[in-house]
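Asks: These are the residues of each chain, in order.
Number of protein chains: 2
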Amino acid sequence: MEELSGCDATVMISASEIDANLYYATRFAAPDPFIFVQTSAEKIAVMSDLELDRAKSQSSVDTVLSYGAYERMARQKGADAPSLLDVLDLVLQERGARHLLVPGNFGVEYADGLRARGYTLSVKREPFFEARLVKSDAEVEAIAATQRATEEAMGAAVSAIRAARIESDGLLYLDGEQLTAEALKKIMHMKLMEHECVAQHTIVAPGLQGVDPHHHGNGPIRANESIVIDVFPRSERSRYYADMSRTVVKGKASPKLRAMYRAVLSAQERGMELIRDEADGRAIHAEVNGVLEKDGFTTCMLGGRMQGFFHGTGHGVGLDIHEPPRIGKTGGVLRSGYVVTVEPGLYYLDAGAIRIEDLVVVTAAGCRNLTNFPKEISEFEIE
Amino acid sequence: MEELSGCDATVMISASEIDANLYYATRFAAPDPFIFVQTSAEKIAVMSDLELDRAKSQSSVDTVLSYGAYERMARQKGADAPSLLDVLDLVLQERGARHLLVPGNFGVEYADGLRARGYTLSVKREPFFEARLVKSDAEVEAIAATQRATEEAMGAAVSAIRAARIESDGLLYLDGEQLTAEALKKIMHMKLMEHECVAQHTIVAPGLQGVDPHHHGNGPIRANESIVIDVFPRSERSRYYADMSRTVVKGKASPKLRAMYRAVLSAQERGMELIRDEADGRAIHAEVNGVLEKDGFTTCMLGGRMQGFFHGTGHGVGLDIHEPPRIGKTGGVLRSGYVVTVEPGLYYLDAGAIRIEDLVVVTAAGCRNLTNFPKEISEFEIE
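Protein chains in written order, with the numbering used here: chain A, 1 to 383; chain B, 1 to 383.
All clues given are correct.
In the EDC-like style, the derived pairs of lysine to aspartate or glutamate whose C-alpha atoms are separated by at most 20 Å in a straight line are: (1) K252/A / E376/A; (2) K186/A / E236/A; (3) K329/B / D86/A; (4) K186/B / E236/A; (5) K124/B / D86/A; (6) K329/A / D49/B; (7) K124/B / D112/B; (8) K329/A / D80/B; (9) K186/B / E196/A; (10) K186/B / E236/B; (11) K329/B / D49/A; (12) K294/A / E269/A; (13) K186/A / E152/B; (14) K186/B / E152/A; (15) K186/B / E194/A; (16) K56/B / D32/B.
Partner residues are not named here, just some residues of chain B that face chain A (Cβ under 8 Å, in silico): (17) E51; (18) D53; (19) F106.
In case anyone wonders, no lab produced these hints; they're calculated from the structure. Quick caveat, the model's predicted, so the values are computed rather than measured. Glycine included, each C-beta is placed from N, C-alpha and C at the ideal position.
Please model the complete structure; the sequences and the hints are all you need to start from.
Replies: And the structure:
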């Protein structure tokens, strides 16, 4: 845990299921908001009576207090219908905490209420817990386990594309049915669910759909076009994410697409060579971009659309899918234990889209790839 | 949309994927935070360049602005490394908005920043959009569609219990394997995923585990014990939740368990009789509790544990799994179009647990049950 920066206590009020900092602090996934207080002496969760037992047995906090008990206390002290602030006030008074450290996303409703009661607040921006960036061995293992499931899902999608037949209409058919982006996503999501992993916003973007890097993709899959597949599930068990992308073509890729693939692969390899403790994310991104430019792939606005390489090289992955650091125009310094994606891409309206993405953990001497899935040029075109 | 209560604009900054109000206002699911501004004239989303196209084609806002373009504008005006507040400031200046309406969960970091720049903030608590409580026909349909998937999942679990054999160790076996709570959850989650629905915190609580209503349940399933099954998935397509619970026994239930089941069923039926436009949630809860008490099932602390009926009768369901209103000790008035659960339960350490939960939509004359799954006493014991 972080130090308190001169404050008496850290306070969070949130649903840990949607607030990774609170989950990190408590290791307890709750769908409804609860109060968390951390002093130098203890970590405290104030739970509704229905969640008390579960919090006591599952969370990593030292003390689980009953919200109902404090509500009754507040009522005895004269509060007619005690509010969450009345309860929090009592807990903080007991601990003698007046100066509070809160995260940037702390709700203004509670911030104003605490200030009106005489508390002072220090607001800390992301990363609220800097330690969250440096993954422990157990965290790296959890992320790698999610990546194993991701690889199985990707493998299932690629197998389906391999098994599909190209018919005379130029479309792919599997077991007599048109093979669609939707069908490929379902194949992946079912495989992920077998491993208790859930992916949202999965991208299967055939042809020019992929030229918008965030287009989720839909409709039939056509032969001889790029198919960008990008999937980033979370394990329901560990709550850690993984992330990977591959691009394939069923049939024959155009010479330009093939050249794009080679360039993206080289750029990705160069990026991974540069990743190590203390490396600068911005410099890595510039170098990755340089590889693509040297191969003749420039980035600019063409026909009102950005084309070339116009997103970051990578981002942190952990309890959130997008965490610090960024490896991009605004990247910072990498440290051993950071888990980051390396995902250059190229996007051209006259050719299609290529993105290749692995997930690596930064080490003192370089990085260790947590991804085990083929990406050689020989894997790009599928017969 | 709601009126602005005398403010110039509503402002939200959040990831709509975890903030149902923002999703409701934009109908756009984004995993990363973005700026939303609503004036009396227009709804505006300020999106990163990567999300621009998707927001334009998918969201319900009138205007999608490029975050990058405003960042460049801020740089021209002298900001060295423009922050999100610099961007928001420009957008608000353009619209002449000074007095802002924000939700209670608006981040204190941005609230303080806006106030420091001379903006005034009116903070509105939940329900931020009162209209969210009243479901349109399309919303009711979406919730009902999720409930259809939920019924299939529940059916799959009950079928597995039915197909299982009781062996001499008193445990259930299916296809030669011990039938566990984990296996039943997986059966349900796979079935839900077929319908693009995802459930978290699914409860399959055998025997005394179920006496803690929030215990998720684990381990082998035993004959002649209550098995509480409570599943509340969200559709990945519509983003609307559903919710249902059933309790079954494989083999023979004890007389007390059977009496508990009958009482809970009567209490639930009584609750549903009372639900209608303008009915008071607190009165309904009291009446439901009264049915249980009349049948001799009292609620009290016994051996350090609450026993009897000690949770609410119901809660709203929509884009969040727990929405206003509550039908419970702190319930409010029901209105036509509210979608609520009706889920009394009984929990005793000397017998086990019973919970029966349906999902209904409030109408002028009563309520319409959105749940179509048997719950008669004849369905309780499974041969």
